[in-house]
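Note that the protein sequences, when read in sequence, are chains A and B.
Residues in the first sequence are numbered from 1 upward in steps of one, following this note's numbering.
Residues in the second sequence are numbered from 497 upward in steps of one, following this note's numbering.
Calculated directly from the structure, the hints in this document are not laboratory data.
Beta carbons: idealized from backbone N, C-alpha and C, even for Gly.
Mixed in with the good hints, there may be bad ones.
[Stated by the list, open to error] Chain B residues, not near chain A, derived (Cβ > 10 Å throughout): (1) Ala-537; (2) Leu-830; (3) Ser-860.
[Stated by the list, open to error] Simulated DEER-style distance windows between Cβ atoms: (4) B/Met-846 / A/Pro-395: 46 to 54 Å; (5) A/Lys-161 / B/Tyr-832: 56 to 64 Å; (6) A/Met-477 / B/Arg-582: 53 to 61 Å; (7) B/Arg-582 / A/Arg-66: 34 to 42 Å.
[Claimed, not checked] In the DSS-like style, the derived pairs of lysine-lysine whose C-alpha atoms are separated by at most 27 Å in a straight line are: (8) A/Lys-182 / A/Lys-60; (9) A/Lys-469 / B/Lys-510; (10) A/Lys-77 / B/Lys-515; (11) B/Lys-783 / A/Lys-440; (12) A/Lys-361 / B/Lys-515; (13) A/Lys-60 / B/Lys-815; (14) B/Lys-815 / A/Lys-182; (15) A/Lys-440 / B/Lys-815; (16) B/Lys-515 / A/Lys-75; (17) A/Lys-213 / B/Lys-815.
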Amino acid sequence: MSAFVEPRDPIQAATEGGYKWGFETAIEMEIAPKGLSEDTIRLISAKKEEPEWLLAWRLKAFAAWRETSEPDWAKVKHPPIDYQALHYYAAPKRKPGPKSLAEVDPELLATYEKLGIPLRERAILAGVEGAGEAETRPDVAIDAVFDSVSVATTFRETLAKAGVIFCPISEAVREHPDLVRKYLGSVVPQGDNFFAALNSAVFTDGSFVFVPKGVRCPMELSTYFRINARNTGQFERTLIIAEAGASVSYLEGCTAPQRDENQLHAAVVELIALDDARIKYSTVQNWYPGDAEGRGGIYNFVTKRGACRGARSKISWTQVETGSAITWKYPSCILQGEGSVGEFYSVAVTNHHQQADTGTKMIHLGANTKSTIIAKGISAGRSNNTYRGLVRMMPRAHGARNFTQCDSLLIGDRCGAHTVPYIESRNPSARVEHEATTSKIADDQLFYCRARGLSQEDAVNLIVNGFCKDVLKELPMEFAVEAQKLLAVSLEGSVG
Amino acid sequence: MSAAFAETGLPSRKLEAWKYTDLRPLAALAPAPAPEIVDTAALAADLPPLPGPRLVFVNGRRAASLSVPPPADMVADLATEGDPARFAPAPLAALNTQFAQDGAAIHVPAGHDAGTLALVHLTIAEDAAPVFVHPRHRIALAQGATLTLIEYAGGRGVYWQNPVVEIVLAPGATLRHVRIQAEDRESFHTATIFVDLLAGARYDAFTLGLGARLARSETHARLGGAGAIAHLAAVQLLRGTQHGDITSVVAHDAPGCASRQTVKNVVDGHARAVFQGRIEVARAAQKTDGYQMSQALLLSPDAEIDCKPELEIFADDVKCSHGATIGALDPEQLFYLRARGIPEAAARAMLVRAFLAEAIEAVSDDAARTLLVRAIDAWWEGAR
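Next up, chain A with everything else stripped away, as it sits in the complex (with noise of 0.2 Å):
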């Protein structure tokens, strides 16, 4: 683009650019009724053949749910979510595994492919009989959840002979019960919060991943996360059990339809990680955001935390939110192992309406254990984005250190950025360090790219990119790239 054309009409431009991940798809669907009640959970359950102590502490979970009320100090604004007129379990129907590509329903063919799944693991992910395993060695391993359960899950032959259980958590239950039952809901309990216990009493798939000792997982595990249906709520739940000595990286993805209603996703994710064990999540977060105006986008209310249990062991979690109506997640550390380390690195964007209130917590249990937060935040349009994060030193984290550094930018007028720190220190030798900033993008920048010829939203884009930059090279490689992307299209039509 010429440097002397003007920017775009900014309101043109949003509804051109917009979200690409907007399509439904027509697939056939089992639904439960709208409502949520004891049985349901006793429907979930029995859907998913369950054994009884599950259904027994998702009981407990909804009980713990009717006790608690919704969080109200997030600086996020909402109607009230009616959970009454959700359905709790949406299923795309069960068929027998077609032969070939040319046999499977078109339409979940082209979902993956508009989200952009390579076309080998597309087969996979269909459920083509004796498709993967074969060919070469592939670099991702993918699961996919599509509105409530996990459709499929790719090379999982070349994970088992690692030793590495990579599976639907509907699976692992059946498949691994006493790995499950030894750590669902040991990070997170069920009565934990609001969503994580509506979660705990509903939830319907996620991903499970168990690294034995020792090994070191041969491949990204990447999961894709869909909302399809309408009138649902997404409640997946991940498991992820790094052993001693154990490492993994987890991807995570996702997309929802575009539509004027709003949709509620409440996942909750534990990790744990044991002596010296790694594990490294990241999130690409892309759910619907709502359109120009606010109407629609999903509401993603997500309870994700790591128990780094062993001896210097390390949980790094780095995000990039770039979707959702409103975005109210908080992935934490809790650093129990002497000398484990919890690094947190976000980059947070909204644009016209949305509101994110996201940020992490590092509570220091052991000695010499070390935390590193890195938060971006970029406002634009209408938005409110809003960093919180809680800094904990218990009495027994001698030599602890923290050090947390948050920025936020504003672009335009009509924003809101807000950091909330709470820093709590019960140890003279701990440290900790913070700092926080907010600017608007530097006139002189701007200036200095304009006059080596940028457009003004390639100018804007660059320097949006730079000030990420501190976050965006702890993601795997692929997700960087889709991740610069994205960047780019959130913020479309904010400059003008």
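Since the structure of chain A is already known, use the hints to place chain B on it.
Only chain B this time, still in chain A's reference frame:
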């Protein structure tokens, strides 16, 4: 009083602004109104050494025998009704409004430099049941006026001192406000200060918190005119089981204003220090320059610091930042001093003083600074 508590309600920890400070011990105290002390002249030895005009309040009542009145043109009528909307976020100020009896009303005429004025509070509750005092002061500086105000609070016994100070600074006015809280270690002290700054006005505050079993100093500063400047500095030295809370809300409502906050906490024993500071920038407040720094030293394994520096920003052309650090005395610095033959205790004292120096140097009034340094020395000597 306990009935009134039930009606108005002391704020509970469920309120976000009171998350870190628990007033239940105060509610359990169920204090009664402080009785009048007739022989105030006998309390002369309790006064801090401050030259110049001073207004002394004993158990919340003006003590003429101890006061040195300021010029007559500075004394105004006491207006107890403030803007109720302004008090909404400060429930203790609302309680003060309900119970306030006496206080100072100071008006400095336009263009006048009124020098230094001291406000001294002595609360004596030695032989009696717990008492409360709700002083209410109003300070207004007309256009271009200047004043240095030194507030001192001390006493003996178990009491609750809940002062409210309302300050209005007209365009170009400058108020230097030094506050020393050296209450009895059994007492409760909760102060709420409202400052309204018009165009080009300047408010320089320094708060020292040493005393009280539980103390909170809450400042609400509103920069409502272009080019206003607010500096809020605070130092707390806490030990034993003391609880000290510094809370500030700086609202930038007009363009081109600047605010600076420097807060230093030194926490020993089982004490707990709290700092909550919020900078709010409204849409209209373009070109805002806001900065806030909170530093804490933990001197004992049982000490605690809770810190919440907050930014709430709705304008895009702003420069706002905050920083917070928490740690112990640097062992290398201690080693350096010890290697030069300085005893451990003296070395620690030296490093703590150096830590505080930056904040105290900002106090320009000599008498006030001397008083601050002495109070800190006395605290330090009492420590060992």
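Against the structure, the hints come out as follows:
1. With 10 Å as the threshold on Cβ separation, the claim that B/Ala-537 sits away from chain A holds: the shortest Cβ distance comes to roughly 46 Å.
2. The beta carbon of B/Leu-830 sits about 13 Å from the closest Cβ of chain A, which is more than 10 Å, so the claim that it is off the interface holds.
3. With a closest Cβ-Cβ approach of about 29 Å to chain A, B/Ser-860 is found to remain outside the 10 Å limit, as its non-interface label requires.
4. B/Met-846 and A/Pro-395 have their C-beta atoms about 28 Å apart, which leaves the hinted 46 to 54 Å range violated.
5. A beta carbon spacing of about 59 Å between A/Lys-161 and B/Tyr-832 agrees with the range 56 to 64 Å that was offered as a hint.
6. A hinted range of 53 to 61 Å holds for the C-beta pair A/Met-477 and B/Arg-582, which are about 55 Å apart.
7. A hinted range of 34 to 42 Å for the beta carbons of B/Arg-582 and A/Arg-66 is consistent with their spacing of about 40 Å.
8. Restraint check for A/Lys-182 and A/Lys-60: satisfied, since their Cα atoms lie roughly 17 Å apart, inside the 27 Å limit.
9. A C-alpha spacing of about 39 Å is found between A/Lys-469 and B/Lys-510, which places the hinted pair above 27 Å, so the restraint is violated.
10. With a CA separation close to 22 Å, the supplied pair A/Lys-77 and B/Lys-515 stays within the 27 Å bound.
11. About 11 Å separates the Cα atoms of B/Lys-783 and A/Lys-440, which keeps this hinted pair within 27 Å; it holds.
12. A threshold of 27 Å between alpha carbons decides the hint, and for A/Lys-361 with B/Lys-515 the separation of about 17 Å falls inside it, so the pair holds.
13. For the suggested pair A/Lys-60 and B/Lys-815, the alpha carbons sit about 49 Å apart, so the restraint of at most 27 Å is broken.
14. Simply put, B/Lys-815 and A/Lys-182 have alpha-carbon atoms about 50 Å apart, too far for the 27 Å limit, and the pair is violated.
15. Proposed proximity of A/Lys-440 and B/Lys-815 is supported: the alpha carbons are some 8 Å apart, at most 27 Å.
16. Straight-line distance between C-alpha atoms of B/Lys-515 and A/Lys-75 comes to about 17 Å, which keeps the hinted pair within the 27 Å bound.
17. Restraint check for A/Lys-213 and B/Lys-815: not satisfied, since their Cα atoms lie roughly 50 Å apart, outside the 27 Å limit.
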